[in-house]
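Engineer: Below, each chain spelled out in residue letters.
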Amino acid sequence: MSQKKHLNSAKTPHYKNTANCVAVEMPIPDVVRIAMSHNIGKHCQPLVKKGDEVKVGQLIGDVDAFISAPIYSSVSGVVTGIETERGGMGGEVQVVVIETDKKQEVYEGIAVPEVNSHADFVKAVRASGVVGLGGASFPTHVKYNPQNLEEVDTLIINAAECEPFITCDNRTMIDDAENLIYGMEQIMKWLDLKQGYVGIEENKPEAIANLDRLFKEKGLDDRMHTFTLQSRYPKGAERVLVYEITGKTMNAGVLPAQLGIILSNVTTVAAVGAYLQTGMPYILKTVTVDGDAIAEPKNVKAPIGATVYDIVQFCGGYKKPVKKIVLGGPMMGRTIASDAVGIVKYNSAILAFGEEMGAFPKETACINCARCHSVCAFELMPFALAAAYEQKDVDKLKELRVMQCMECGSCSFICPAHRPLIFMNKLGKGLVREAGN
Amino acid sequence: MEKNYNTNLLVGQGPHIHTTLDTQKTMLMVMAALAPALVVSTVVFGPRVLLLTAVCIIASVAFEACWNVLMKKEQTAMDLSAALTGTLIAFNVPSGLPIWIAIIGCFVAIIIVKQLFGGLGKNFVNPAITARIVLFISYATAMTTWPLPKAQQTADVVTGATPLGVLAENAGELPSNVSMFIGTIGGSMGEVSAIALLIGGAFLVWKKIISPIIPACFIGTVFVIALIYYAAAGVPECAADKGVFGMAIFHILAGGVMLGAIFMATDYVTTPTLTMGKVIFGVGCGVLTMVIRLWGAYPEGVSFSILLMNILTPLIDQLTTKQMVKKYEQKEGAK
Ligand code: SF4
Ligand code: SF4
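The listed protein sequences derive, respectively, from chains R and A.
Using the numbering used here, the first residue of the first sequence is number 2, and each one after it goes up by one.
Using the numbering used here, the first residue of the second sequence is number 499, and each one after it goes up by one.
Incorrect hints may have been included.
Claimed, not checked - Example chain R residues on the side facing chain A (calculated, C-beta under 10 Å, incomplete): (1) 16; (2) 20; (3) 80; (4) 81; (5) 280; (6) 281; (7) 284; (8) 314; (9) 317; (10) 324; (11) 335; (12) 339; (13) 352; (14) 353; (15) 385.
Source of the hints: derived by calculation from the structure; they are not laboratory data.
The structure presented is a predicted model; accordingly, all values stated were derived computationally and were not measured.
For every residue, glycine included, the Cβ atom is placed at its ideal position computed from N, Cα and C.
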């Protein structure tokens, strides 16, 4: 299947250099640094202390809150300390530092979960520790437990992977398709969903063909389908994907479930599928390591908490002085000040850039070309929003629908004057929120 | 093993990749699109075309550079925006114009119209158009002494009326539409060759530098009004052999319609941003041009029409934005 209606989008370069690289497991590093926050929502409390021995798959952090997910050790070894550092989402976060013994002894408590009801299913998904692995990081079990359970009927798997460089979702569909399909079956079974669509950009023909073949072979093609999307940014944004597949308009602040849709990232679903069959929680993350400063770009299976530095060393190290490192895609990913940080569950890429690609471009005057407007999926007017923000005009910001901005960055990408439009929208939204209180 | 962590990395807001198109390249593309017209003009009017164009570019860039130095502003002379303005000024004057007058035009455009209003992106009227009008009013004789194409000059006659001048006086002979399409006619340096300007315009549309909406609406409106007017009022004597349809073609080829519609009415800064606004702007320019040509005191009206529509642009933007907000309020529900 493919789409009929399109929202505006930007033609970003693809840079899918690693599309054909099967993910390789890296050797266990000497030390892992596991942050106690891997998701939107409450931070976990460390359940271990300095000197404790831990094993692979052992629970080391959890919190009793609705929007949260437990954190497990990805290695066996000894806790050498609980440190505090700046977290990926801002603010301070506690980090459990573990010195590994490289034996990778598995925790005794690992057992295949027993699922007999929707409630069991949700419980199992929480126990898997899986969160939105595409970068959204929203705890998955919360998504699978909508308030209007009877009303949801459609599963949409987000496999657009519209961010340049990243190819790990592509590999999931080629190398881990069995777990993906098992995960889809289970979700559809326990949430009683009728149809499932996997939205994939057309620049991943191998993945599309592989899933089409498997759906057919397994006799699932009456309810599971691939859905081909344009290879443009940001087709993988939730609200865009929902519109392109179902034709339903999803406004800011609306949840997919309110439109009858359960929406999950493809690697997330495969991780759920794997957990339901093995009982091993989510501890091994596939990341795309790329960028012009990386010697050997590849897809790496790294234990959660492995430092960016160690992962890059596994990829041949830096081939030129590194200026900037982005965790996640180049459009929406976050920069880190130091490569000594450990990766978290939702990091799908490590992009290291040298002098030229890493530099921030110089801002010049707006020439009113309206390119920013022409790429915005919601037809916002970023140039006007920026002007309204600069004048701190809250009414104007509201009138121009700043709250609909999903911070995708298309407008900033396309602006010939290199204006920080997305950033001004973020601040503009802040102003509106403040004024509302 | 000692680990040499990189702890001094650049941090900041994304996105971390950007299009390769920047302001300078945009301006460069527009200048490239003007090249065919420059070539035709040089062939038709001789090398003075090149001299005058070079003078205008250099003067405009120099004025911009000096202003920035004097006002201690960031140097923007190399973003090519001033160079483009200079080129357009040259294209809007007769090839015989004294050099000092051309330099005054550049001063008006860069210093008065652009910089006094805050520089690139802040001016509300088109600098080149305004410069042309100021020169036209201040130096009427020099600005309306039109050299004939080199091939049509004789020992005693080197200047003549433009096609629109002939039409306004209803005296003399109108050139054929074919020579007007190619450009072997009298007129300002850059406006004579429709084909050269259309090639440039097609290039800009293809490269997505300009949207075709304004040029299409502008030219289309001129055509339709001419068609209706001559069908109702009859074709004047000097154009008897053209017929009604031929006169409609004549009007879109004559004067500055092509140059104005493709290169001046598409200036980002001084024209509407939304599609609906662009339609209003284009049609407005077409209507005003024809009103001036058919009923006004001047034979040509493109510059005045664009200037007037420039002035109306903030209003058009406001109205079309309101309309769009309404559309979304219905779609998204009141917030
Ligand atoms: S960041 Fe916001 S304004 Fe910019 S393109 Fe995306 S949604 Fe539109
Ligand atoms: S893309 Fe940049 S230069 Fe163009 S209108 Fe938007 S903010 Fe202004």
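Engineer: Check the structure against each numbered hint from earlier and tell me which ones fail, lowest number first.
Structural biologist: Hints 2, 3, 4, 5, 6, 7 and 9 are the ones this structure does not satisfy, whereas the remaining hints hold.
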